[in-house]
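J.: In case you want the letters, here they are:
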Amino acid sequence: MRIRSLSLTAAAAALCLSLPSVANAQQNFSDMSWDEIVAQAQEEGEVVWYVWYFQPAYREFVQPFTEATGIEVIIPEGTHDGNFEKMLAESGRDEGDIDVIALGGSRHALFDQSEYYHGPLSEILPGGDQLTYELEGVDTNGYGVAFWGNQTGLAYNPRLVDFEDLPQTLPELEAWMAENPQWFGFNYENGGSGPSFVQSMVRNIMPDIDTTDGEVSEERLASLAPVWDWFLDRSDQFVITASNADSLTRVNDGEFAVVAAWEDHLASLQAQGEVGDHIAFYIPEWGHNGGGNLNGIPLNAQHPAAALVFLDWLTSADTQTALNQRFGVAPMHPDADDSAALVPNEMRAYSRVWTAQPFGDEIRNQFIENVALEM
Amino acid sequence: MRASVINRILIVVLIGVCVLWLVIPFAMAILWSIVDPSQAWSYPDLFPAKVSFQRWIDVWQTTALRDALVNSYTLAPSVAITTLLLATPTAYAIGRFEFPGKTAVQVLSLLPLVVPGFVIAVFMASLLLNLGLYNRFASIMLGHCVLFLPYAIRILSVSFALVRQDLIDAARDLGASPWARFHAVYWPALKPGVLAALIIVFIQSIEEFALAFILGSPDFTTVPTILYSFLGFNFVRSNAAVVSLILVVPNVALMLVLERLLKSANPAMVSGKG
Amino acid sequence: MRLRRAGLILLLLLPGLGLILVLIGSVIVMAFGQSVGYFALTGESGFSWEHWREQLDGRLLWRSFQYSAYIATTSSILSVLLAYPIAMWLRRPFRGSLFAGALLKAPLLVPGLVAAFLFINVISFHGFFNELMVWLGIIDRPIRMQNDRNGYGVIFLQVWKNMPFALLLLTGSVQAISDDVLNAARDMGAGSIARFRKVILPLTLPAMQAALVIIFIGAAGDFSFQAVAGPTTVNSMAQLMVRLKGEFGGYHEAGVVAVLLMALALFGSVALAGLTRVAVRAGMKV
Numbered sequence: 004m005r006i007r008s009l010s011l012t013a014a015a016a017a018l019c020l021s022l023p024s025v026a027n028a029q030q031n032f033s034d035m036s037w038d039e040i041v042a043q044a045q046e047e048g049e050v051v052w053y054v055w056y057f058q059p060a061y062r063e064f065v066q067p068f069t070e071a072t073g074i075e076v077i078i079p080e081g082t083h084d085g086n087f088e089k090m091l092a093e094s095g096r097d098e099g100d101i102d103v104i105a106l107g108g109s110r111h112a113l114f115d116q117s118e119y120y121h122g123p124l125s126e127i128l129p130g131g132d133q134l135t136y137e138l139e140g141v142d143t144n145g146y147g148v149a150f151w152g153n154q155t156g157l158a159y160n161p162r163l164v165d166f167e168d169l170p171q172t173l174p175e176l177e178a179w180m181a182e183n184p185q186w187f188g189f190n191y192e193n194g195g196s197g198p199s200f201v202q203s204m205v206r207n208i209m210p211d212i213d214t215t216d217g218e219v220s221e222e223r224l225a226s227l228a229p230v231w232d233w234f235l236d237r238s239d240q241f242v243i244t245a246s247n248a249d250s251l252t253r254v255n256d257g258e259f260a261v262v263a264a265w266e267d268h269l270a271s272l273q274a275q276g277e278v279g280d281h282i283a284f285y286i287p288e289w290g291h292n293g294g295g296n297l298n299g300i301p302l303n304a305q306h307p308a309a310a311l312v313f314l315d316w317l318t319s320a321d322t323q324t325a326l327n328q329r330f331g332v333a334p335m336h337p338d339a340d341d342s343a344a345l346v347p348n349e350m351r352a353y354s355r356v357w358t359a360q361p362f363g364d365e366i367r368n369q370f371i372e373n374v375a376l377e378m
Numbered sequence: 034m035r036a037s038v039i040n041r042i043l044i045v046v047l048i049g050v051c052v053l054w055l056v057i058p059f060a061m062a063i064l065w066s067i068v069d070p071s072q073a074w075s076y077p078d079l080f081p082a083k084v085s086f087q088r089w090i091d092v093w094q095t096t097a098l099r100d101a102l103v104n105s106y107t108l109a110p111s112v113a114i115t116t117l118l119l120a121t122p123t124a125y126a127i128g129r130f131e132f133p134g135k136t137a138v139q140v141l142s143l144l145p146l147v148v149p150g151f152v153i154a155v156f157m158a159s160l161l162l163n164l165g166l167y168n169r170f171a172s173i174m175l176g177h178c179v180l181f182l183p184y185a186i187r188i189l190s191v192s193f194a195l196v197r198q199d200l201i202d203a204a205r206d207l208g209a210s211p212w213a214r215f216h217a218v219y220w221p222a223l224k225p226g227v228l229a230a231l232i233i234v235f236i237q238s239i240e241e242f243a244l245a246f247i248l249g250s251p252d253f254t255t256v257p258t259i260l261y262s263f264l265g266f267n268f269v270r271s272n273a274a275v276v277s278l279i280l281v282v283p284n285v286a287l288m289l290v291l292e293r294l295l296k297s298a299n300p301a302m303v304s305g306k307g
Numbered sequence: 014m015r016l017r018r019a020g021l022i023l024l025l026l027l028p029g030l031g032l033i034l035v036l037i038g039s040v041i042v043m044a045f046g047q048s049v050g051y052f053a054l055t056g057e058s059g060f061s062w063e064h065w066r067e068q069l070d071g072r073l074l075w076r077s078f079q080y081s082a083y084i085a086t087t088s089s090i091l092s093v094l095l096a097y098p099i100a101m102w103l104r105r106p107f108r109g110s111l112f113a114g115a116l117l118k119a120p121l122l123v124p125g126l127v128a129a130f131l132f133i134n135v136i137s138f139h140g141f142f143n144e145l146m147v148w149l150g151i152i153d154r155p156i157r158m159q160n161d162r163n164g165y166g167v168i169f170l171q172v173w174k175n176m177p178f179a180l181l182l183l184t185g186s187v188q189a190i191s192d193d194v195l196n197a198a199r200d201m202g203a204g205s206i207a208r209f210r211k212v213i214l215p216l217t218l219p220a221m222q223a224a225l226v227i228i229f230i231g232a233a234g235d236f237s238f239q240a241v242a243g244p245t246t247v248n249s250m251a252q253l254m255v256r257l258k259g260e261f262g263g264y265h266e267a268g269v270v271a272v273l274l275m276a277l278a279l280f281g282s283v284a285l286a287g288l289t290r291v292a293v294r295a296g297m298k299v
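Order-wise, the sequence lines are chains D, F and S.
FYI, the numbering for the first sequence is 4 to 378, going by my numbering.
FYI, the numbering for the second sequence is 34 to 307, going by my numbering.
FYI, the numbering for the third sequence is 14 to 299, going by my numbering.
Worth flagging that the hints you see were computed from the coordinates, not collected in a lab.
Everything numeric in this text was worked out from a predicted model, so none of it was measured.
The beta carbon of each residue, even a glycine, is placed where N, CA and C say it ideally should be.
Heads up, a few of these hints could be off.
What the hints assert, rightly or not - Each pair of labels, with its calculated beta carbon distance range:
#1 S:Gly202 to F:Val46: 29 to 37 Å
#2 D:Ala225 to S:Leu145: 28 to 36 Å
#3 F:Ile90 to S:Leu21: 54 to 62 Å
#4 D:Glu177 to F:Ala286: 42 to 50 Å
#5 S:Ile90 to F:Gly134: 32 to 40 Å
#6 S:Ile90 to D:Thr215: 48 to 56 Å
#7 F:Ala36 to S:Asp200: 13 to 21 Å
#8 D:Ala343 to F:Val282: 37 to 45 Å
#9 F:Gly165 to D:Ile77: 51 to 59 Å
#10 D:Ala352 to S:Arg162: 37 to 45 Å
#11 F:Ala213 to S:Pro106: 35 to 43 Å
#12 D:Pro67 to F:Trp220: 57 to 65 Å
#13 F:Val84 to S:Asp153: 23 to 31 Å
One chain only, chain D, in its complex shape:
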């Protein structure tokens, strides 16, 4: 497993080196005035946004933009892996299908945005200097703009467990799990909420491991052994679920009292009536990862000006407030209102940065090898 992960890193590096051979002279938006860009955007008339989650909800959410500008927003289906692979595979073509692509923060460590994206957006977008271009410990140098802040934590069913009784520290968690066996579920694939919990346990059980260091080595992996013992000692106390969504569905069903979850995911499923409004969310004091998604405009986008106007709208204070109200996410504009989140602001102090890559992914692989396969 270790070697595979290394070879993946090598493949990533190779991909970064094989630069897109864009033959056409790319339009340079830095020299254009914003009015000129808007005019060109009107002519382009549409923008294709590859966003890998909540596509149905987004199709509704972008309607005000279309009404205001007349620019149609097309949101195709697609997964995070699939969209990313498509963006890389298409980069050699003169014209790609993607105008705007949303990717998770840490994904940006795998390629050099300045070689693939228009930008820097920080200099083109009118309020560009106020926006965020660095998430999950990866700096896109102004080429990827953050529009969505998200937080992992624990979703719980207040009908089964009171907030006061919820575990906040590692010893409390151990005691709670022993008292309430099989009432806690988390996933290790199909979504990051479970892996975030596993990373939290790594941080708490082995405080000496530096999670900002992404290096993978035999010694570092071997030093994780106590973490896996911790899980194995409790293998009859927790349940592994199939995905983020599976965890939330089953906490709604009353099968679990507590599951690992994303705050925005829970809020969105509640808005759709998929999960009851009584299901609540908290970030335990032991800390859970937070991060977000950024948008970029590939160099071979067919509607680059419309893409810029769209990003300007999406990252504006008003839209960010609306995103917070609709999905409960952390706004990415300093002037936006964030009062509609599922957790109080002081709880955000327990937000942590994801473990640096590729060590973070390797923690998950090691969990599969040392815990999941042993169960």
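Mind docking chains F and S on chain D? Use the hints.
T.: For chains F and S alone, coordinates are given in the frame of chain D:
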């Protein structure tokens, strides 16, 4: 007398079992599909607190279901017709000629059925990536044609074998033109097989998941891939219920047509022998 | 003349069989090639056992292999075992036999993903089965049945979907046995079990083998049932392959899994068919 009583009891048992494994699951799916979005169906409610057809409207208006339906229902007929055209010459050779290696030909034509679908899907994707081909519709169509050729070849070669040589000879002796010969002698024997092949390939193409999922990723969706996305990463039970029902209903209708066709045709085709 | 005829036949075979051979052939070559380092999409392409070594070293692959072999064997045998008595029952038409046959074959109309979804709804914590048991007072709190560790859910789904198919093959084969043969056996004093063992089983062996082989191969390559209803602690071969490919295009790693999966499908089904034959022969002699 005794046998008929036993049969009656067995049929009652069978109906009981079928209620358990067909009626209840579908009833649950219908229930889930009409849960009103304003009030989730959660523990410990026995039935949804509020029901409406809002889910159906939402799924239709906001998900890519419409695109998926368009894709599936353009893909399937194209695949069915192309597969039929590709299979006919081979089926003709198998049905009308004796030649050395015929058994080998028949066995080899089953090859797509024995290689696991996901192996074909993943490595066809890799093949196309290596060749630098991007057209998703064409790739899936090619893949489906090859995947379902065995069915079409099998059915049509049986049909061709049923065409009576004495009738062909008689028609020729009577001076019938090739078209008249085809119309009078070949077509009546071929018709049920042709229609059966078309329907079987059509249904298989609508249902096929592996190739559509891998080759269509990320943005070319068919009905099964959209169902998978509602079942997997974006598990939304009510939406999945809606899409499941949409996927099953046309299937049942088509299979009923097929059943009638097969009854009028050679029983060997139904049993898969020959 | 002979040559022209041979040429004609070859030409006729080209669009159908030819296309099959070219495409499936290149897919197999691709899988083999990528598993030993060729056809790299990024980085260097060249012969290497590295991917095989690293996959065979990890336990993930072996767990998947054993799991897929277990699911395929159990599902195919259970489907056929269940289909035999029903095929015998439907051998001679009676009032309602057509209806019974149609009911039994209904699962053939339901796509696998839909079946998996329906099943999950019924057995989930909040599903029909649990609600009923709690309502009847048999249990206090619902039982957790989803994604069970032994893959019983997946096996149930495989049998649900494949038993009708086995039934289709077996009914045709059983019906083809003439009454004369069975009557002759009865006249010679063979009881119903002996008739089944010495006449029906041997005569329906090819249909049974065909059913076993096709169900085995399908279940060995299963992705959808496993992804929706399978245990979360192990991957099926197809699932593992898709995961390796998905995580940054690990086509070489996926190639190793693909080759092993094809080997499982081929040797597993041949072994199963061979063993059945031996068992049936042995049954005739006893």
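J.: Next, verify each hint and record whether it holds.
T.: Quick rundown of the hints versus the structure:
Checked against the given bound of 29 to 37 Å, the beta carbons of S:Gly202 and F:Val46, roughly 32 Å apart, stay inside it. Restraint check, D:Ala225 to S:Leu145: a C-beta distance of roughly 50 Å breaks the suggested window 28 to 36 Å. Distance hint check: the CB atoms of F:Ile90 and S:Leu21 are about 58 Å apart, consistent with the given range 54 to 62 Å. For the pair D:Glu177 and F:Ala286, the beta carbons lie near 57 Å from each other, so the given range of 42 to 50 Å is not met.
Separation of S:Ile90 from F:Gly134 is about 34 Å and conforms to the stated range, judged on CB atoms against 32 to 40 Å. Distance hint for S:Ile90 and D:Thr215: a CB-CB separation of about 54 Å, consistent with the stated range 48 to 56 Å. For F:Ala36 and S:Asp200, the Cβ-Cβ distance of about 20 Å falls inside the hinted range of 13 to 21 Å, so the restraint holds. The beta-carbon spacing between D:Ala343 and F:Val282, approximately 40 Å, falls within the hinted interval of 37 to 45 Å.
Evaluation of the 51 to 59 Å hint for F:Gly165 and D:Ile77 yields a failure: the beta carbon distance comes to about 25 Å. Checked against the given bound of 37 to 45 Å, the beta carbons of D:Ala352 and S:Arg162, roughly 39 Å apart, stay inside it. The hint said 35 to 43 Å for the Cβ distance between F:Ala213 and S:Pro106, and at roughly 40 Å that hint holds. For D:Pro67 paired with F:Trp220, a C-beta distance near 59 Å keeps the hint of 57 to 65 Å intact.
For the hinted restraint 23 to 31 Å between F:Val84 and S:Asp153, the CB-CB distance of approximately 29 Å keeps it satisfied.
Checked against the numbered hints above, the structure violates hints 2, 4, 9; every other hint is satisfied.
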